[in-house]
Amino acid sequence: MGKPAKLNEAGVRTQKNSYAAKISEHLRKEKCPICAHIAQSLDFYFRWFEIEYCNSPPTLFALAAGGFCSRHLPRIEHLGPELSGTYRYITAVRREALAGLLDELRRKLNKRRIDGQRRWHDFLWRSKSIDIHEVLTRYQGQPEPCPACRNEAEARKVAADAMAAFLASETGHREYQAAPKLCWQHLIETMETAKVGHPETVLFLAECHAAQLESLEREFDEYFRKLDYRYAGEPQGEEQTAWQKAFRFFTRE
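Numbering (this note's numbering), first residue to last: 1 to 253.
Just so you know, not all the hints are guaranteed correct.
To be verified - With a straight-line cut-off of 30 Å between C-alpha atoms, the simulated BS3-like cross-links for lysine-lysine are:
no., residue 1, residue 2
1, 29, 195
2, 245, 195
3, 245, 108
4, 195, 22
5, 195, 31
6, 245, 157
Said to hold, decoys possible - Pair by pair, the computed Cβ-Cβ distance ranges are:
no., residue 1, residue 2, range
7, 161, 109, 50 to 58 Å
8, 224, 179, 23 to 31 Å
9, 225, 44, 43 to 51 Å
Hints listed in this document are in silico derivations from the structure and should not be mistaken for laboratory results.
Quick caveat: nothing in here was measured; it's all calculated off a predicted structure.
All C-beta atoms in this analysis are idealised placements derived from N, C-alpha and C, irrespective of residue type, glycine included.
Turn these sequences into a full structure, and let the hints guide you.
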């Protein structure tokens, strides 16, 4: 199969418009657009993992060479016995690798007998003829990254590129200024993405979120002022939810 055809100019424009529409939708829903895109991408990946990927050769190879990280592993646990084929393959691959390691260690150890006794301490730590670290490293290899983490990284890059392009337009500026919803981490990533081609976007984002944080600080000041018994009877307002706004901003969704 050949390489996929590149999008023509109309196709690129349609794709950008599609991303822009999704970003606008996320902003209206008061969500970080990049967090939302990553979450949707992961949901899509795990939905197809359940339907098809769990038994596909590329996925089996990747899982046998590395596997899911502890953060993403719970996303497949509900599949229960349906994972039997997947983990049967992983078990066979790793059993074979361990058997090869065991054979090599036994061969090397048999060359290392003194007075008919195996000196384990000498074998493991002092032997110059047996480099156990080299043997273990060779059999361990370089673990494959978690496939879900890889999906997440790809989705993050796509979303950051789309966000930078969205903010390069006057419409994007206006919409975002009315609802600055990037979380802290993805704000920094978008600024990094935009710094080469759109330095004015970096300035815009910095100004926009500096104003947001100043407003948040004022709300915190008001919250703590009303903790004073002298002002405790005053009506409560936006300051009561300042911690929630800060929590959402500094924590990825």
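Is the hinted pair residue 245 and residue 108 satisfied, with a Cα-Cα distance of at most 30 Å?
Given pair residue 245, residue 108 is violated - Cα atoms ~62 Å apart, limit 30 Å.
Does the structure keep residue 245 and residue 157 at a Cα separation of 30 Å or less?
Within the cut-off at roughly 25 Å; holds.
Has the given pair, residue 29 with residue 195, been kept, meaning a C-alpha gap of at most 30 Å?
27 Å, holds
Tell me if the straight-line CA distance from residue 245 to residue 195 falls inside 30 Å.
The hint holds at about 27 Å.
Within a Cα-Cα threshold of 30 Å, do residue 195 and residue 22 meet the stated pairing?
Since the Cα atoms of residue 195 and residue 22 sit roughly 23 Å apart, the hinted pair holds (cutoff 30 Å).
Consistency of beta-carbon spacing, residue 179 to residue 224, with hint 23 to 31 Å:
27 Å, holds
Are residue 195 and residue 31 close enough, with their CA atoms no more than 30 Å apart?
23 Å, holds
Please test the hint of 43 to 51 Å on the beta carbon pair from residue 225 and residue 44.
Cβ of residue 225 to Cβ of residue 44: about 47 Å, so the range 43 to 51 Å holds.
Assessment of proposed distance window 50 to 58 Å (beta carbons of residue 161, residue 109)
54 Å, holds
Hint compliance for this structure: hint 3 is the single one not met.
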